[in-house]
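Colleague: With the hints as extra help, turn the sequences into a complete structure.
Numbers 32 to 293, taken from the numbering used here, label the letters of the sequence shown in order.
Hints may contain errors.
[Unchecked claim] Here are the in silico distance ranges between beta carbons for each label pair:
1. 277 - 230: 32 to 40 Å
2. 135 - 79: 27 to 35 Å
3. 269 - 135: 31 to 39 Å
4. 104 - 183: 19 to 27 Å
5. 180 - 79: 40 to 48 Å
6. 263 - 135: 42 to 50 Å
7. 244 - 81: 32 to 40 Å
8. 123 - 166: 19 to 27 Å
9. 273 - 104: 36 to 44 Å
10. 135 - 68: 33 to 41 Å
11. 36 - 244: 20 to 28 Å
12. 103 - 126: 38 to 46 Å
To be clear, the hints were calculated from the coordinates, so they are not data collected in a lab.
On a predicted model such as this, the values are computed, not experimentally measured, just so you know.
Glycine included, C-beta positions come from ideal geometry on N, C-alpha and C.
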Amino acid sequence: MELKGRVVVVTGGTRGVGAGIARAFLAAGARVVVCARRPPDRPVEEDGRRASFIPLDLRETGAVHGVFEEVAQRYGRLDCLVNNAGGTPYRRLGAAEEEGEREAEAARHVRVVELNLLAPMAASLAAYPWLRASRGSVVMIGSVSGTRPSPGTAAYGAAKAGLEHLARSMAVEWAPEVRVNTLVPGMVRTELAHLHYGDAAGVEAVAATVPLGRLAEPSDIGAAAVFLASDRAAYVSGASLLVHGGGERPAFLAAATTNKES
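Modeller: Structure representation (structure tokens):
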């Protein structure tokens with residue numbers, strides 16, 4: 032296994048994409064620590080190997096530093112940090128009508144930026160001394176929302192765009208000791224997919240818009256993360272790797288197909 036003996040921390044690694052990433056690293060032989068505010072409903076494991084869990088609220092800077100000190104004491108090293116924790120509810124900008132509601136709305140959008148941009152930066156800074164010692168890497172989990180307009184999730188998309196820029200700058204500043212890359216997923220089928228895409232029929236309708244004909248599975252994202260952390264990507268730094276099944280079919284293609292059939 033190509034990552035045997037290496038130590039990996041995955042933030043937000045207890046469910047969904049994060050758990051898929053953690054399982055992929057376990058399958059590759061790594062020792063994996065998953066961090067989240069709440070423990071997983073069931074252990075994160077693969078091939079008879081289980082990830083460790085350390086509770087972490089990424090909004091607490093002192094706690095973030097404490098996690099990496101604990102990992103270093105427990106394992107003696109850190110080889111990769113996967114900044115996966117993030118997300119956002121669907122909220123249109125400017126939807127609030129009343130003054131008090133507008134203040135609350137602004138605060139919610141600020142928290143989205145903090146979670147998806149500032150928290151990964153803080154975690155990376157806390158992990159840096161250990162990653163420099165091992166000549167390790169950081170994998171940022173971005174989003175296609177950061178590459179195109181993101182109505183309904185504008186603050187999230189802006190934060191993810193900023194995360195890619197941050198990763199490219201870190202890749203230059205931290206070279207040659209630490210590689211930094213961004214993995215940019217498209218739409219992923221998780222246990223919470225219904226919150227974004229609706230019922231099973233809605234999920235399939237959305238999947239049909241992807242050129243490869245399906246949503247990504249968490250394991251697809253995990254496999255790409257393992258690649259970026261492995262020696263096979265030893266000369267890859269400052270890169271953004273799209274894992275989106277070809278993206279979304281453009282509207283003009285759908286229109287052309289309809290016109291051809293009629």
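Colleague: Could you run down the list of hints and mark each one as holding or not?
Modeller: Verification of the hints:
no., hint, result
1, 277 - 230: 32 to 40 Å, "violated (25 Å)"
2, 135 - 79: 27 to 35 Å, "violated (47 Å)"
3, 269 - 135: 31 to 39 Å, "holds (38 Å)"
4, 104 - 183: 19 to 27 Å, "violated (43 Å)"
5, 180 - 79: 40 to 48 Å, "holds (45 Å)"
6, 263 - 135: 42 to 50 Å, "holds (47 Å)"
7, 244 - 81: 32 to 40 Å, "holds (34 Å)"
8, 123 - 166: 19 to 27 Å, "violated (44 Å)"
9, 273 - 104: 36 to 44 Å, "holds (37 Å)"
10, 135 - 68: 33 to 41 Å, "violated (22 Å)"
11, 36 - 244: 20 to 28 Å, "violated (38 Å)"
12, 103 - 126: 38 to 46 Å, "holds (44 Å)"
Going through the hint list in order, the structure does not satisfy hints 1, 2, 4, 8, 10 and 11.
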